[in-house]
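J.: So the protein lines, in turn, are chains A and B.
If you use the working numbering, the first sequence closes out at 188, no skipped numbers anywhere.
If you use the working numbering, the second sequence closes out at 1217, no skipped numbers anywhere.
Quick caveat, the hints were computed from the structure, so don't treat them as lab data.
The structure displayed is predicted, hence computed values, not measured ones.
The reader is advised that the hints may include incorrect statements.
What the hints assert, rightly or not - Partial pick of chain A residues on the chain B-facing surface, computed with a CB cut under 8 Å: (1) Glu-35; (2) Thr-36; (3) Phe-39; (4) Asn-40; (5) Leu-43; (6) Leu-56; (7) Gln-57; (8) Tyr-64; (9) Asn-66; (10) Tyr-118; (11) Glu-120; (12) Val-121; (13) Phe-146; (14) Phe-147; (15) Tyr-171; (16) Arg-178.
To be verified - Below, a list of computed lysine-lysine pairs in the DSSO-like style, where the Cα atoms sit at most 30 Å apart: (17) Lys-10/A <-> Lys-1068/B; (18) Lys-175/A <-> Lys-1034/B; (19) Lys-95/A <-> Lys-176/A; (20) Lys-95/A <-> Lys-167/A; (21) Lys-176/A <-> Lys-1034/B; (22) Lys-175/A <-> Lys-95/A; (23) Lys-1068/B <-> Lys-95/A; (24) Lys-1034/B <-> Lys-167/A.
Positions of the beta carbon are idealized from the N, C-alpha and C atoms, including for glycine.
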Amino acid sequence: MKVQSGIGRKSDEQLIQRALEGSENAWLTLVRRYETRLFNHALRMVGNPDDAGDLLQDVFLSVYRNLGRFRGDAPFVAWLFRIATFRCTDHLRRKKPQPGEYEELPDSDHRNDPARGYEEVRSNGDIVRMLASLPNEQRQVIELKFFQNFTFDEIAAQLGISSNTAKSRLYAALKKLRGTEEAGAMAC
Amino acid sequence: MTGMNCEQCEGLLFDFHEGRLPAETAASVDTHLKSCNDCGALLNDIWQMSLVATRWQDRAPGNYDRGKTADFESRGWRFPEMFATAASILAIILVLTDASINTGDGVVLQFGSDNYLTEDTFAHNQAELTDRWDQRLSDLSARQVAGDQLVLRSVLRASREERKEEMTALVSYWTGAQAQQYRETEENLRYLLASQAEDEKDIHQLSNAFRQISETR
Chain A
1 MKVQSGIGRK SDEQLIQRAL EGSENAWLTL VRRYETRLFN HALRMVGNPD
51 DAGDLLQDVF LSVYRNLGRF RGDAPFVAWL FRIATFRCTD HLRRKKPQPG
101 EYEELPDSDH RNDPARGYEE VRSNGDIVRM LASLPNEQRQ VIELKFFQNF
151 TFDEIAAQLG ISSNTAKSRL YAALKKLRGT EEAGAMAC
Chain B
1001 MTGMNCEQCE GLLFDFHEGR LPAETAASVD THLKSCNDCG ALLNDIWQMS
1051 LVATRWQDRA PGNYDRGKTA DFESRGWRFP EMFATAASIL AIILVLTDAS
1101 INTGDGVVLQ FGSDNYLTED TFAHNQAELT DRWDQRLSDL SARQVAGDQL
1151 VLRSVLRASR EERKEEMTAL VSYWTGAQAQ QYRETEENLR YLLASQAEDE
1201 KDIHQLSNAF RQISETR
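Chain A with its partners taken away, still in its complex shape (with noise of 0.2 Å):
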């Protein structure tokens, strides 16, 4: 999923450099860029589509208010996520999801039961269940690693924690997913 740079295709940072400078063009092919990444990834952080969209909003205009502040000293898009996980956190410490959340995401197979095994995840519905039943801060390692695949050591810079702490999320995550996808089986 990361992006790659191409023949005639501006940085980054040349964009910025010229969003600073007043060209509005320029930050929207910034944003175009990196919408529908960014959506998808909050998609799977908050679970609703609508929020989903507020949330890429708010995360695109406080990215652009503190444009300046961006010093190049770590790629854009590690500095653009990391507002971005700040703001699904902030969202849900504020809005816990409610059962029904995720209604608006179709279900595979159109079963309500949140615990099945990796194979049976298949659409987008069953993946952000599966996601919703881990803590935040697990959710998050498992979306960075797995969907934004990020290295540890970035991740644990977006997230302010050591590279350890962010493996040892991670695969208390997974443990806690097996535990899930057993206690389905044996339900099934």
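Knowing the structure of chain A, use the given hints to seat chain B on it.
T.: Chain B only, in chain A's frame:
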């Protein structure tokens, strides 16, 4: 790496899964996995979750207005810019209306004026300024010349004194040398005269001796 424990194995599991470990380390992890069900299960979880991630179908953002992701309008009218613009407009108004402000402590700030500079006044001022500068330049040149002359005179005087000392020394040397030469010449003449006298004496004696011998024979 032999005898790997679960903690060490977990630390390397992702790199093992992604094929990033050196062959020897990968072999150690593999050996551990064959004998450890927990780590084997964890590797299976990683593999399964990676597959799950590939099943996600990206959705286009909904309920989202791209145009509202930035407030470009507000960027151009932040406080410093607004303040600067307002101050400029106020200054222009004050000048154009010839406004005056009494600060209350005897100072009156006068903006603008009826006595605008005409072309004649400007030319007159410019000519006066040019004259003043010419005069200053002339004074400066005179001072410069006087200074140069003073320096030159000092240099010449010093040079003349040096030459006088040198000439005195030369005359003194020459006088001494001449006196020495006179003395030597005088001595030589005396010696010559003395030699001539002795020679005459010797000749006289020889003549007498020769005469006596002749008379004897």
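J.: None of the hints should be skipped; say for each whether it holds.
T.: Quick rundown of the hints versus the structure:
1. Glu-35: With a minimum Cβ separation of about 5 Å from chain B (threshold 8 Å), the hint on Glu-35/A holds.
2. Thr-36: 6 Å, holds
3. Phe-39: It holds, given that the least Cβ distance between Phe-39/A and chain B is near 4 Å, below 8 Å.
4. Asn-40: Check passed: Cβ of Asn-40/A comes within 5 Å of chain B, closer than 8 Å.
5. Leu-43: Leu-43/A check passes; min Cβ-Cβ to chain B is 7 Å, inside 8 Å.
6. Leu-56: 5 Å, holds
7. Gln-57: 6 Å, holds
8. Tyr-64: 4 Å, holds
9. Asn-66: 12 Å, violated
10. Tyr-118: Cβ of Tyr-118/A sits 4 Å from chain B, so the hint holds.
11. Glu-120: Status violated, d = 10 Å.
12. Val-121: 5 Å, holds
13. Phe-146: 4 Å, holds
14. Phe-147: At about 5 Å, which falls below the 8 Å cut-off, the nearest Cβ of chain B leaves the hint on Phe-147/A intact, so it holds.
15. Tyr-171: 6 Å, holds
16. Arg-178: For Arg-178/A, the interface hint holds, since the closest Cβ of chain B sits about 6 Å away, which is under 8 Å.
17. Lys-10/A <-> Lys-1068/B: The given pair, whose Cα atoms are some 22 Å apart, holds under the 30 Å limit.
18. Lys-175/A <-> Lys-1034/B: 19 Å, holds
19. Lys-95/A <-> Lys-176/A: Satisfied, since the Cα-Cα distance of roughly 23 Å is no more than 30 Å.
20. Lys-95/A <-> Lys-167/A: 27 Å, holds
21. Lys-176/A <-> Lys-1034/B: 23 Å, holds
22. Lys-175/A <-> Lys-95/A: 26 Å, holds
23. Lys-1068/B <-> Lys-95/A: 24 Å, holds
24. Lys-1034/B <-> Lys-167/A: Given pair Lys-1034/B, Lys-167/A holds - Cα atoms ~22 Å apart, limit 30 Å.
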